[in-house]
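Trainee: Here are the chains, one letter per residue:
Number of protein chains: 2
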Amino acid sequence: MVLNSNRVDHFVCHGTTTTIKIQTDIPIMQQSTPLEIHKVRLPPQHTTLHKLKHSLSEIFFPDDPLYTFKNQTWCTKFFLGIQYLFPIFQWGPHYNLLLLRHDVISGLTIASLAIPQGISYAKLANLPPIIGLYSSFVPPLIYSLLGSSRHLGVGPVSIASLVMGSMLSETVSYTQDPVLYLKLALTATFFAGVFQSSLGFLRLGFVIDFLSKATLVGFMAGAAIIVSLQQLKGLFGIMHFTSKMQIIPVLSSVFMQRDEWSWQTILIGFSFLAFLLIARHISLRKPNLFWVSAAAPLTSVILSTILVFLLRNKVHKIAIIGELPKGVNPPSSNMLYFNGPHLALAIKTGLVTGILSLTEGIAVGRTFAALKNYQVDGNKEMMAIGLMNIAGSFSRSAVNYNAGAQTTVSNIIMASAVLVTLLFLMPLFYYTPNFVLASIIITAVIGLIDYQAAYKLWKVDKLDCLACLCSFFGVLFISVPLGLGIAVAISVIKILLHVSRPNTQVLGNIPGTLIFRNVNQYREALRVPSFLILAVESPIYFANSTYLQERILRWVREEEERIEANKENTLKCIILDMTAVTAIDTNGMDTVSELRKMLEKRSLQFVLANPVGNVMEKLHQANILDSFGLKGVYLTVAEAVADISSSLKPQP
Amino acid sequence: MVLNSNRVDHFVCHGTTTTIKIQTDIPIMQQSTPLEIHKVRLPPQHTTLHKLKHSLSEIFFPDDPLYTFKNQTWCTKFFLGIQYLFPIFQWGPHYNLLLLRHDVISGLTIASLAIPQGISYAKLANLPPIIGLYSSFVPPLIYSLLGSSRHLGVGPVSIASLVMGSMLSETVSYTQDPVLYLKLALTATFFAGVFQSSLGFLRLGFVIDFLSKATLVGFMAGAAIIVSLQQLKGLFGIMHFTSKMQIIPVLSSVFMQRDEWSWQTILIGFSFLAFLLIARHISLRKPNLFWVSAAAPLTSVILSTILVFLLRNKVHKIAIIGELPKGVNPPSSNMLYFNGPHLALAIKTGLVTGILSLTEGIAVGRTFAALKNYQVDGNKEMMAIGLMNIAGSFSRSAVNYNAGAQTTVSNIIMASAVLVTLLFLMPLFYYTPNFVLASIIITAVIGLIDYQAAYKLWKVDKLDCLACLCSFFGVLFISVPLGLGIAVAISVIKILLHVSRPNTQVLGNIPGTLIFRNVNQYREALRVPSFLILAVESPIYFANSTYLQERILRWVREEEERIEANKENTLKCIILDMTAVTAIDTNGMDTVSELRKMLEKRSLQFVLANPVGNVMEKLHQANILDSFGLKGVYLTVAEAVADISSSLKPQP
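Residue numbers (full-length UniProt numbering), protein chains in the order written: chain A, 1 to 652; chain B, 1 to 652.
The shape of chain A in the complex, shown without the other chains (with noise of 0.2 Å):
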C-alpha cells in the first residue's frame, strides 16, 4: 500500500511539477536515463494442464459466468442458481403496479403489430397464417422465463422465415403436398432450437462472431429486397407466382403474368402501402410517436378487411385470406417429421435459420442492452432463444423498446393478447385481403436495407465494403443460404490474408524523448543513423514466417541502398521489436534464429526488444534467447539503443 501510494504521488508531480525543484525529487525521472538497462523477464511458469485449463476457459467461458457464485453460501448460491435459469426471480420480487402499467401497454402494442405480422409471416413461410400466430404466442411465453434481454420482443422474424420459406419450397411444393410441407417447415423450426440451444449449452456462442457486421449489412438488405419483389405477388393480385427465391426468376415472374394483374388490386394495395411506409416514416422522425407505426398495420388490416368485405359483391378480382381454422391448434410435435427422405433437408434449413435467427437475436438484445447499460449473456441467449425455437420462434423488439416495456411481462401481455385473438377472432380475417399482408411484410422489412450503413462501410473499410456487396449480390442472384456462405467464406479469407501478410514498420526516434514510432505515422521521428528499427504487427507463425523472412531481409536491403545513396554510418544493427509479436509458433522461432544467422553473416547485429511473455517463453524453452545472449534481448528499443549506440561508438 505505503508503494502504491507513493506511486500516486511520482504521478501527480508530473501532473503538477513546474519547477526543477519537484522535479528533481520525483524519483521516476531521475532513474529513467536509459543508462539502466533493465532484465527481459519470464512469466511465471505454469504446468501444460493450467495452461490448457486457462485457454479452454479463455474459449468457452470467457465471461465467466458463474462468477457471481464464487465464496457464497451453499443457500445464496441456490438462490443464485434458481435467478441465473430464470431472470424472472431478479425482478419478480420488485414488481410493482407502475411497471405493470408500462407493461400493459407495451404488450397491447406489440400485440397490435404481432398479429398482423405474424399471419403475414407465416404466408411469408408458406404456412398457415394460424402457425404464425401460434408461434407468437408460445414463445413468449417461455422467453419470459428464460430469456435475459428485457425487449426482446419474441415473434417470427422476416428473414428466417423466408430462408425457411425459399429453402423447403425449392424441394416440396407447398401447392402440392402442404402437409409434408408444414411438416418439414416445423421439423426445421425444431432443428434450428436444438442447434442453438446446444451452441448455448456447449458454450460456442463465438460461431456467430464469424458473421461479421458487414456481411449481414449486406445479407439483410439482398434478403429484404428478395421478400419485398416477391410481396408483388400480393400486390400486383397475380395467381401463378414462382417459387424460386433469386431475383431474376422472381422479376421475370412479375412481369410475365401482366395479364393476371388486377388494377383494382393495385390500386388499393399501393395506397395501403403507403399509407404504412408514411406511418413508419412519422415514427421514425418522431420516437414519442412510435405508435404510429406500431398501430398501422392493425388499422390498415382492419380497413382493408372492411373495405373488401364491402367490395365483395362487385370486385372478385382480389384475392384474400379465406377460411381460418378457429381455436388452438394441437401441438406441433405430432406433426414433426423425423425420418424419410427430406429429413436433411428439414435439418438444413434448421441449421441456417438458427443461426439467422441468432444472429439477429443476440444483435438485437445487445444494442437494448447498451442503451440501458446491463449485460446480455451470449450463450444464455442461445439457449433461451433456441428453447423458444422448439416451439418456433423469433425476434420484433424495436417497437417493445419504444413501447417502454419494463420486464418480459410485456411479452405474457402479448402473448394472451395473442391467445385471445387464436380463440375468438380468427373468423373476421376471412376477407382480409393479401395485398394488405403483402404491404405489411415490405414496411417491416424495408428497413432492413441500411444504406447508411452500406455508405459507412464504404466509406471507413473497403475490404468489409466488399464483403458486403458479395453477400448482398450472393443473396440476390444466386440463393440465400448460399449468400450467407459466401458471407462467412469471405470473413474468415479476411482473417487469413491479415494474417499471412503482417505489416512490418521501420521506427525512428521522438526528439526528446525515449519512444519510438513508425516514421510514416510520424513525420517528426528521425531514424537513428546505423540502427534498422522494425517493428512486426502480427504473431510470427507458419502462416507468416516465410513471408516475414523474406520481407525483414528486404527492409536490410533496401535501408542499405538508402545509406548508400544518402551516405550515412554504415549499418550495424537490426533491432525488431516484438511488442506487437503476440505469439510464435515452431516455424515462427526457426525464422528468427535463421534471421539472425543471416544477419550476423552480414556481421550485422540482430536483437529483440521487449518480447512478450509467452513468446519469451517458448523462445527459452527453444534455447534461441541463450543463441542471443544477453545483449541479445532488451526491454525497450530506447535501452536498446542506447546500449548498443555505446558499445558501437570508442568512448570519447
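A couple of the hints might just be wrong.
Said to hold, decoys possible - Below, a list of computed lysine-lysine pairs in the DSS-like style, where the Cα atoms sit at most 27 Å apart: (1) Lys459(A) <-> Lys631(B); (2) Lys39(A) <-> Lys51(A); (3) Lys53(A) <-> Lys462(B).
None of these hints come from the bench; they were simulated from the model.
With chain A's structure known, arrange chain B on it following the hints.
Mentor: Just chain B now, kept in the frame of chain A:
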C-alpha cells in the same frame, strides 16, 4: 544529416554518461518528462487506389522480385531479365575448371544414387522402372536452366511417388490395366507440373505456407512408416499384397501371407538393409564420409544382382526386376490422358502430389540457401519445379550439397550419367532382386521420421505437437491425402482460435521508469492506483470484438472487486494500450465506442494509448476520435497516466 549526427551523440552520451553534468546537457533527457504530452498523429493520406496497389503488391510481390531492374538502362534491364529467367547466365561467366571438377564429382555421386532410387521409386508408384530413370534424366536439365537453388538435386521423391501410387491404385489396378495406370500417372504428374508452375506464375507461393512445419513433420513421418511397411512385401518376398495405403490392411497382408514368406529373401534382404542403414549411419556421424551412403545403394544393387545371378539355378523364390526395355523411351506426351472417366482422379492426384513435392522442394532449397546465405525465390522455385514436373520429377539434395555441388552443372552431369545407363546398361538390371530396391527405399524414407523435431514440438509448443500427431495418425489410419487435409484444417483452425480469443493483459509501471509492462511477466511492475491499464494483444475485428468487449468489462469488474477487497483508491480510468492492435474493422470500432459509452455510464474514463497508423486512420474516418476528444488518445501509457492523474487529484 546534422540532426542525425547529433542524434548519434545523444545516444552515445546515454551510453557513456555517468555524471550529472553530462546528463543535464542531453536534450533527450531534459525534455522527456511525461509532462510534455505528444500528439498522436494520423498517417499521411493515401488514395484507395494507392492502398489497394500497396496491399496487392504485398500479397503477390512481397520479395519485390524486380528490384534489380529499378533505374537501369534498357540494355542492362534486358540482360538482368535474361539472368532472372535463366540463372545459368548468372554463374555461367564465372564458371571455371575447379567448379567443374566439383560438379563432376557430385554429379556422378548423385547419379550412383539416382539410378537405383529412380528404379525403386518407380516401383513405389507402381510404374515401369524405366519411367523412374527417365524422370531423373530430363528434369535436371530443365531445372539447371531455370532453378534458383544451386543445391536442389532433382529426381523422383519417395513421398510424392507414394501418394500418387496410393491414390491411383485405389481406383485403377496397375496389374490388370498397366497402360491406363501409366497414362494416369503421367497425366497426374503433368497436372502437378501445371498446377505448380501456375502457382508460380500467379505468385501464389504463400498457399504453401499454410502447411506448417509441425503438420509436415507428422505427415512425413506417417508416410515414411507406411512406405517402409509396404516394402516388407519385397523384403519378405510376398507375392499377393494389398494395394491399400492404411496401416491396418498393410500389416494384415504382411502377416496373413505368412506362407508366402521365403527365408532366403528375408535373410539376404535384411542383411542388405542392415548394410545400407549402417552406411547411412556412418555418413550421418561423419558428414565428410557422405560418399559412403551415396555409393551404398549402387554397390548393394551390383552385389545383390551378382549374388542372385550366381544363385539363379539354386534359389527360384527370389523376385527380380526382369526384362527392362533399353534406350530412351518415346516422349510421353502421347501417353497423356485428357478425357474419359478417370480425368478427375488424375487432376486430384496431380494437385496433391504437386503441393507435396513443392513443399519439400522449397523447404529443402531454403535450408541450403540459409546455410550458404543466398535467397530462394519461392514463386520462381514453383515455376522451375513445376516445369520439371510437366516432364515428371521431384527432389533429392542433401547428397548434392555434401558432394559439394557448385552449380547446377552437377545436375547436367548426373543427367548424362543416367542417360548412358538408359542407353546401354539396362540389361544389367535383369537379375536385380526386388528386396534390394525395397531396402533402398526404406533407407531413403527412414530419414523422414524426425522424432527429434516431434519431441522438440512437444517441449516447446503443445498445440503444434497436437497438429503434428493428428496429421501423423491421419496418414497412418485414414489416408494420405486426407491426412494432409486434416493437417491443413488444424493449422487454419489454430489461426482462427488465436484470432477469436486474443490475450488481454493488465499493465503496471516498472518503478523508476516510464515503462509499462504486463504485471504477470514483470513481478516488479506495480499497478497504478485508480487506473486499470489493459493491453489488447490482437487486431480488434468481427471475430473477437464481442469477446473483447465482454472480457474488458470483466477485467473492470474484477479490478473493482480487487480494489474493494484491498481498500485501495477507487477506479477512475481505464487505459487501453493499442500498441498491439494492428488493425480494426467496423465491428471493432463499434466495440470501442460502445465500451466508451458503457464505461462513461459508470463514470469511468476510457482512453486509448498509442493507436497505430491504420487504426488511427479508421477511428478518424468513423468520427470515433472526435467522441474521445483531445484528452482521449495519448501517445504512450505513461503520458496518459501522468496527464490524467494530474487532472484527477486537486493541486496541492
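Trainee: Each hint: holds or not?
Mentor: How the hints compare with the structure:
1. Restraint check for Lys459(A) and Lys631(B): satisfied, since their Cα atoms lie roughly 26 Å apart, inside the 27 Å limit.
2. Straight-line distance between C-alpha atoms of Lys39(A) and Lys51(A) comes to about 25 Å, which keeps the hinted pair within the 27 Å bound.
3. About 13 Å separates the Cα atoms of Lys53(A) and Lys462(B), which keeps this hinted pair within 27 Å; it holds.
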